[in-house]
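Novice: Below, each chain spelled out in residue letters.
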Amino acid sequence: MDKKKRTNEWGRHRVQILWAFLSNSYLAGFAKGKIYQGKLKNLCVPGLNCYSCPGALGSCPVGAMQAVVGSWNFKLTFYVAGFLMFIGALTGRFVCGWLCPFGLIQDLLHKIPFPKKIGIFPGDRFLRKLKYVIFLVFVILMPMFIVDLLGQGAPYFCKLICPAGTLEGGLPLVLLNKGMRGAIGWLYAWKNVLLVVILVLSVIIYRPFCKYICPLGAVYSLFQPISVFRYRVDQELCTHCGACAKACKMQVDPVKSPNHPECIRCGQCKKVCPTGALDYNVGKFRKYKKKT
Amino acid sequence: MKEKNKKDRVFPELPDRTAMKIGIGITILGLICMAFGIWRGEMAVVFEKAVNICMECIGIG
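Residue numbers (the working numbering), protein chains in the order written: chain A, 942 to 1233; chain B, -5 to 55.
None of these hints come from the bench; they were simulated from the model.
Please note that the accuracy of each hint is not assured.
Unchecked claim - List time: in silico DSSO-like cross-link candidates among lysine-lysine, alpha-carbon distance up to 27 Å: (1) B:LYS15 / A:LYS1197; (2) A:LYS1070 / A:LYS1058; (3) A:LYS1187 / A:LYS1212; (4) B:LYS15 / A:LYS1016; (5) A:LYS1057 / A:LYS1187; (6) A:LYS980 / A:LYS1187.
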C-alpha cells in the first residue's frame, strides 16, 4: 500500500461527519431559528456539541455539568460526572478523535495549506496543562461559588470561552432571529473574536482548542491511561523507526506512551507503522492475559 | 528541540491487564453514578437547561 493511501484520514473524517450530522439532525431548527425541545435532550452526547445549536438532539456534557453544578439545589453532579466516567473509562479520548464535531472542524481547517505549520513551540507543554485549569475554574468552581441571590451560578465556560457554542449556537441563532440580533453586545463580540482566533490557529497548529483549552478533553484524558479501549505496542515487532511519533499530530510518542493523555486515538500511528507493532486491544483481552 | 520535547512526553504505563481492570471498574462506577444522579433528579435540570436557548452559551446572556 502506498504511503498516501496508508495515511489517508478520510475514513475517520467520514465517521466524524456522520456523527456530527446524526447528533445535529433537527433540521427544522435551522429553518425556524429554534432549538429541539424533545426528550432526547435529557441525554448527553459524548463530544463538545452545544445544546443551543438549532440542530442539536442531545445535551453537551460540559454545559450539562455547569447547569447542575450551578443549580441552587444540587451543586454536585452524579449524572454528568458518571457519564464522563463511563465514556472516559471505556474509550479514553477516542471521542475527541472520532466523535467531536468541533474536533472535526479543526481537523478540516488544518488541511488548508500553510507555509509553516507549527508542531511544538516553546510553552507548548505548559499550555497543555491549561485545559485542566479551565475545567477546574470555569466548569466547576465558578458556577459553584459565583452565584446570584437564588444561589444559581452561570455556565462560565460557555459564557466566556466556548467557541463551539458561538459557532454552533450563537452564529446560526443570531442570524436567524431578528430579536437576538438586537441583543448582541460586547460578550458576543468577545466570543466571536475568540472563535476566529481558534479557527485561524487551527490552520497553523493541529487542534489548538483540544490541546490547550477543551475541558471535555481534559476530563477524558484523565481516564486515558486506564481506558478499556487502549493501544499497545508489540516490542518484539517494533523496530524503533520513529514513524509513529513523526505521524502523531498531537506530538505523542506511541512507542513510549501508547496510552498518553494527549493521544486522541486517531489511529495514524497504527496506520504508518511498517511492522504492525501498534494495535488496539478491543476483543484481545485473552491474548493480553497470556502476554502480560 | 522537537526531539527533546517528544522524549519528555513519556507517561507511566500500567500493565494492560491492570489498566483494563481499573477501566472496567470505573466504567461500572460511572453507570452507578449516572443511575444515582437520575434517581435524585439531576436529569430534569439538564433537560430544562437544554430545551431553552442558553443565552450565555451563544454569547448574549
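Novice: With the threshold set at 27 Å, check whether the alpha-carbon distance from LYS15 (chain B) to LYS1197 (chain A) stays at or below it.
Specialist: Status holds; Cα separation ~21 Å.
Novice: Assess, step by step, whether the Cα of LYS1070 (chain A) is no farther than 27 Å from the Cα of LYS1058 (chain A), and give holds or violated.
Specialist: holds, 22 Å
Novice: Between LYS1187 (chain A) and LYS1212 (chain A), does the CA-CA distance stay at or below 27 Å?
Specialist: Distance ~12 Å between LYS1187 (chain A) and LYS1212 (chain A) Cα, so the pair holds.
Novice: LYS980 (chain A) and LYS1187 (chain A): Cα distance at most 27 Å?
Specialist: Violated, at about 45 Å.
Novice: Does LYS1057 (chain A) pair with LYS1187 (chain A) here, judged by a C-alpha cut-off of 27 Å?
Specialist: holds, 16 Å
Novice: Hey, LYS15 (chain B) versus LYS1016 (chain A), does the alpha-carbon distance stay inside 27 Å?
Specialist: Roughly 31 Å between the alpha carbons, so the hint for LYS15 (chain B) and LYS1016 (chain A) is violated.
Hint violations for this structure: numbers 4, 6, all remaining hints satisfied.
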